[in-house]
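Working from the sequences, and respecting the hints, build out all of it.
Residues per chain are reported as follows:
Protein chains: 2
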Amino acid sequence: MYPDPKTVTRVTSLGAGPIGGGWTAHFLARGFDVTAYLHDEAETPAFMSILNTAWRSLTELGLAPGASLDRLRIVTDLEASLEVAEFVQESGPERLDVKQALYAKLGAILPPSVIIGSSTSGLMMSDIQADCMTPERTVIGHPFNPPYLLPLVEIVGGKKTAPEAVAWAGEFYKIAGKAPLLMKKEIPGFVATRLQEALWREALHMVANGEATPEDIDIALMNGPAPRMVSQGQCMAFHVACGEGGMATNLDQFGPSLKLPWTRLEAPELTQELRDRMVDGCNAVAGDNNFEEMVVQRDREIVGVLNALRQVRSK
Amino acid sequence: MYPDPKTVTRVTSLGAGPIGGGWTAHFLARGFDVTAYLHDEAETPAFMSILNTAWRSLTELGLAPGASLDRLRIVTDLEASLEVAEFVQESGPERLDVKQALYAKLGAILPPSVIIGSSTSGLMMSDIQADCMTPERTVIGHPFNPPYLLPLVEIVGGKKTAPEAVAWAGEFYKIAGKAPLLMKKEIPGFVATRLQEALWREALHMVANGEATPEDIDIALMNGPAPRMVSQGQCMAFHVACGEGGMATNLDQFGPSLKLPWTRLEAPELTQELRDRMVDGCNAVAGDNNFEEMVVQRDREIVGVLNALRQVRSK
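Residue numbers (my numbering), protein chains in the order written: chain A, 2 to 316; chain B, 2 to 316.
I should point out that these hints are in silico values taken from the structure, not numbers from a laboratory.
Just so you know, these numbers come straight off a predicted model, no measurement behind them.
Just to be clear, a hint being listed does not mean it is correct.
If several chains are the same, the list does not tell them apart, and a pair holds so long as it fits within one copy or across any two.
[Stated by the list, open to error] No farther apart than 27 Å at their CA atoms in a straight line, the calculated lysine-lysine pairs in the BS3-like style are these:
#	residue 1	residue 2
1	Lys7	Lys260
2	Lys161	Lys106
3	Lys260	Lys175
4	Lys175	Lys316
5	Lys260	Lys160
6	Lys316	Lys161
7	Lys260	Lys316
8	Lys175	Lys161
9	Lys175	Lys160
10	Lys185	Lys7
11	Lys160	Lys186
12	Lys175	Lys7
13	Lys175	Lys186
Okay, here's the thing in C-alpha cells:
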C-alpha cells in the first residue's frame, strides 16, 4: 500500500511560518527535494529569511550528501505543490476549520499512498481528518520548536488513521534524521507539550504568587535539570540517581513525597501497577548497562554539554 | 560581621552520601581546602569512589589553579572537622529531627560568622534552625544532582536567618563556581524541584493512564525541550519563539490555551498583573539583545550541545 519510506526523495512542505520554514530547511538539509507551498508570493522573503537562519545551523550540524538550498522549489498553487510529493508535511494555521478544509482538499488531490503528517501542536487528528475522504494516511507529526534543530517528532493517528500509516511515519521520520515518538493514545498536548505545559503552569503560579520571577525560573531550569535532561530524561535520571536500587528505590523511598506540596499538581495514586510500570520501563531502557556505566555516561554527556556551551558563549 | 567571601579557602563538607561527596569534589576542584566529615570511618571507600568518579569529569571541565584531591582531609569527629572551617556545607540525612539536632551542635561549635549552607531538598530552613542558638547564619544552599556538575544552587533563609547571610551565600557560591539563585520566599521544593516535580507528576499520570511509557517520557524530554532548555529557560524560550512580540504575544495569543487540558495542572488566572510580570521579566532578561540576535545565539548553543552529545556518544 505505502511505498518503502527509504525510497522517498521528494517532500512537500505546506506553510510559510516558522514551523513550515523549519521543516523545509530540515528536509533540504537531509538531502530531499522540497517543494514549499506558500499561500502568497509576498510571504517569500520572510520564509527565505527563516531558511537562511536555519541553514547556518544545519551546516554546522552537517548536511547530508547532495543537500542544497537549490533543491527548494517555492509554489503558491496548492495542487501544483503536491504533484510529485511522496510525503507531505502540513504546517498550516492552527485553526480546526482551516485544517479540516485543507485536509478535505489534500485527501482529494493526493494519491492515497502518500502519507500526510500534520505539525499541529494543539489539535487532534481525529478532528482534523473529519472531512478528508482518504483519512487512513493522515497522521500527526508534531515537531518541537525550532524544528530544524530539535530532533523530536511525536507521531499519532486519529480514529480513522491506518496503523500502517503511523508505523510508516515513524520509519520515515527516523530515516529523515528525526527522533520519532510513536504515541500510545491520542491525547491533548501529546507527550512533550504536556510535560512542558505542566512545568510552564507551575512557573506561572510561582510568578503569580511572587515566589519567583521569570528570570529565576530560567536560571533554575538552565542550571539545574536541563543539562542533565539532555543526557537522561526524568525517568532515567531518577533511576540512575538512586544507585543500584534504581526506580524501585526511588518510588519506595520517595513515594510518600508525592503527597507533599512540592508542586500544585496532585500526583496519581502510587499503585503497585504504576510502580511496576515505572520500574519495568526503566529497567528496559537500562538494558545491560549497569549503574556505574550509566553514571559515567551521564557525566560524560553533561561535561560535553557544559564545555560546548562555554565554548559557544566565549566566542 | 561576615568575612569577605573572596577570602574563604577552607570549607567543611558534612555528609558521606552522593550529595556530600559531590560537594566535596566540587569544592576541591575549585581550589579549596576541604575537610569532609563522615559519620563513620567505614564510609570512606564509598565516599572516595564518589570523589574519584566526580574528579574525572571535573578535570575535563577544568580544575582551578592548585586544585588537588590531596587537599582533602577526612575526619570522623564532628568538632574536629569544624575547627578551621570558613564555610560549612551540610548534606546530612534528610530527616528533620536529625537536622535539628545537628544544627543545635553546629550552632554551639562554630563561630557565628561562619555561614552554614544546607543541601536539603525537602525541608525548610525555618524548621531546621529551630534548635540552633545562632540561626542567623544558617541558609539553604540546595544543589542539583550531580552537585559536582550541575551549576544551580538555590539559596533561601529561614525566619531567623539574617538577610546578610543569604546575600553572603549568594556571593560565595558564585565565587565557588556555582550559579546561585536567591529565592524570594521560603517554599516547599524551592524553584527547580517544584518545576521538575510538576513535570514528574504529569509523567506519572501519563504512565498510570497508559498514555506513555517511561521510555516515551524520556525520548520526548531528551529530544524535545531539553536541548533548548540548556540555552533558554521556559520563559525566554517562549519569549523568543514568539518573535518581535515576545512574551506579550505569547500570553495574549496563547493565553486561552491555559484553559485547555494540556496537562492535569490547572493554570493560574492570567491577570493583567501576572501578564505584566511575565512580560517585564522577559524584557529585563533580554536587555538590549534583539529578537534576531537571541534566535541566533539560541541556535548556536543548541548546535553546540547536539554536536557535543554526538561526539561523546560516538566514542
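Hints and how they fare:
1. Neither within a single protomer nor between protomers do lysine 7 and lysine 260 lie at most 27 Å apart by alpha-carbon distance, with minima of 49 Å and 41 Å respectively.
2. Taking the shortest alpha-carbon separations for lysine 161 and lysine 106, only the intra-copy value of 17 Å comes in at or below 27 Å, while the best inter-copy value is 68 Å.
3. For the homomeric pair lysine 260 and lysine 175, neither the shortest alpha-carbon distance inside one copy (39 Å) nor that between copies (34 Å) is at most 27 Å.
4. Taking identical chains as interchangeable, the C-alpha atoms of lysine 175 and lysine 316 lie at most 27 Å apart only when they sit on different chains, with a minimum of 22 Å there against 33 Å within one chain.
5. Only between protomers do lysine 260 and lysine 160 lie at most 27 Å apart by alpha-carbon distance; the minimum there is 25 Å, versus 36 Å within a single protomer.
6. Proximity of lysine 316 and lysine 161 under a CA criterion of 27 Å is satisfied in neither setting, with 51 Å inside one chain copy and 44 Å between copies.
7. For the identical chains of this complex, lysine 260 and lysine 316 are neighbours neither inside a copy (46 Å) nor across copies (42 Å), given an alpha-carbon limit of 27 Å.
8. In this assembly of identical chains, the alpha carbons of lysine 175 and lysine 161 lie at most 27 Å apart only when taken from the same copy (23 Å versus 56 Å across copies).
9. Proximity of lysine 175 and lysine 160 under a CA criterion of 27 Å is satisfied intra-copy only: 24 Å inside one chain copy versus 54 Å between copies.
10. Within a single copy, lysine 185 and lysine 7 get their C-alpha atoms as close as 24 Å, which meets the 27 Å cut-off; across copies the closest is 54 Å, which misses it.
11. Proximity of lysine 160 to lysine 186 under the C-alpha cut-off of 27 Å is restricted to the intra-copy arrangement: shortest distance 10 Å within a copy versus 48 Å between copies.
12. Only within a single protomer do lysine 175 and lysine 7 lie at most 27 Å apart by alpha-carbon distance; the minimum there is 10 Å, versus 52 Å between protomers.
13. With identical chains, the CA atoms of lysine 175 and lysine 186 are at most 27 Å apart within one copy only, with a shortest distance of 20 Å there and 46 Å across copies.
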